Amino acid sequence: MRAAVGVLAERGWTIEWHNTQAAGEAEALAAESAQRGDDVVVVAGGDGTIHEAMNGLVGSRTALAVLPAGTANVLAAQLGLVGVPTPLHRANLPAVAEELARGAPRPVDVGWALPRGGTIRHFLLWAGVGLDASIAREIETEARDLKRLLGPAAFGAVGLRQTARGDGGSEAIVRWDNHKVRDRLLLAVIANIPLYGGALRIAPEAQLDDGRLNVALFRGSNLLTAVQSYLGGDVRSVMQHITALLGGRAEDSRPITESAANVRIVSRRPLPVHLDGEPFCETPVSIGVLERALLLWVPPTAPAGLFLDDSRTVNQQEEPHGDGSGERSASMRVRGGAEATREIILRPARGDRPPWRGLSGMALAYRALRRP
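This note's numbering runs 15 ahead of the 1-based position in the sequence shown.
Any given hint could turn out to be false.
[Stated by the list, open to error] Okay, the calculated beta carbon distance ranges per label pair: (1) Asn277 x Asp198: 17 to 23 Å; (2) Arg283 x Glu220: 30 to 36 Å; (3) Arg105 x Arg51: 29 to 35 Å; (4) Arg51 x Arg284: 41 to 47 Å; (5) Asp192 x Asn107: 40 to 46 Å; (6) Gln36 x Asp198: 43 to 49 Å; (7) Ile188 x Glu220: 21 to 27 Å; (8) Ala24 x Arg51: 16 to 22 Å; (9) Ser301 x Gln36: 32 to 38 Å; (10) Ala18 x Ala38: 25 to 31 Å; (11) Gly132 x Arg190: 15 to 21 Å; (12) Pro285 x Gly52: 40 to 46 Å.
If you are wondering where the hints come from, they were derived from the structure by calculation, not from laboratory data.
Only a predicted model underlies this, so the values are computations on that prediction, with no experimental measurement involved.
All C-beta atoms, glycine included, are put in the ideal place defined by N, C-alpha and C.
Make the full structure from the sequences, and use the hints.
Have a look at this one:
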């Protein structure tokens, strides 16, 4: 980690390092950084830490960047910074830092979820309803030790255990745009990115700035019938589809998701809901999208197809749309080349500032100072 920070410092970044200690406080850390006017908050951790920090940055002019140092690093994998996220494939953090130094901010969409009688929470990767949310809830409670041991593979192990117990979903109604499905629902994934779980391209056509989400429904009372309903065909063709998706050959697999701006799920039995792998609420739940409401620091390793407009990197002025409150909405201009020069001074965190705390792991923030 310190080697990665050293790389960023050598590339001209001013860095303030803040260790994180407790769950639920990375959002406040990021929000304070945005209020102070930092250009970027770099989260050194996994998708859970990113979820917390992202919720503190929606609608601000402070960008979110990631150093993949957590258990699950799906966002980092989607941005091309790591391979399949497993305990055996840890990221080379100094190499990742080199890529970040060559990156630039760009506006991306974020999803939102609203439970009955609750408050809105944002997500960057996906919202899940049913089986995977039940798995996420168990992973974050009694199966935490298994997660530390197996990494993302723990989700599969817990999923098999829950399937063996006969957790068969619930009768549900799913509405999106002008569509309505009434069936037994085992699992629904509302995706903002193609990758799911680090290896499965569950929504191959998803893009981070198209103003849409992608809905994948697994219908049935058990996992096999649900996967068949999702992919179509008999068991043999299902296995062929799964092999194609795992291999990233989306063109070899039939379309499996529906594009949506708004989704509403109501079920006979309350089903758990997660956002970016973090337990959130139970159904009924409404889900939607905020267009280009977050600045994401994108390295050159990101696949071009991840964005609707692949030119929106540098030399771009953009005002994040925010959540409608207008509290942290501001424009951000990033210039390159001879138009502006960054003067960066490495300095320690000020001793009179209370230490920031966040999720288990670590978070970094820096301020880039420009010459007048």
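Practice task
Check each numbered hint from earlier against the structure, then list the numbers of those it violates in ascending order.
Solution key: none
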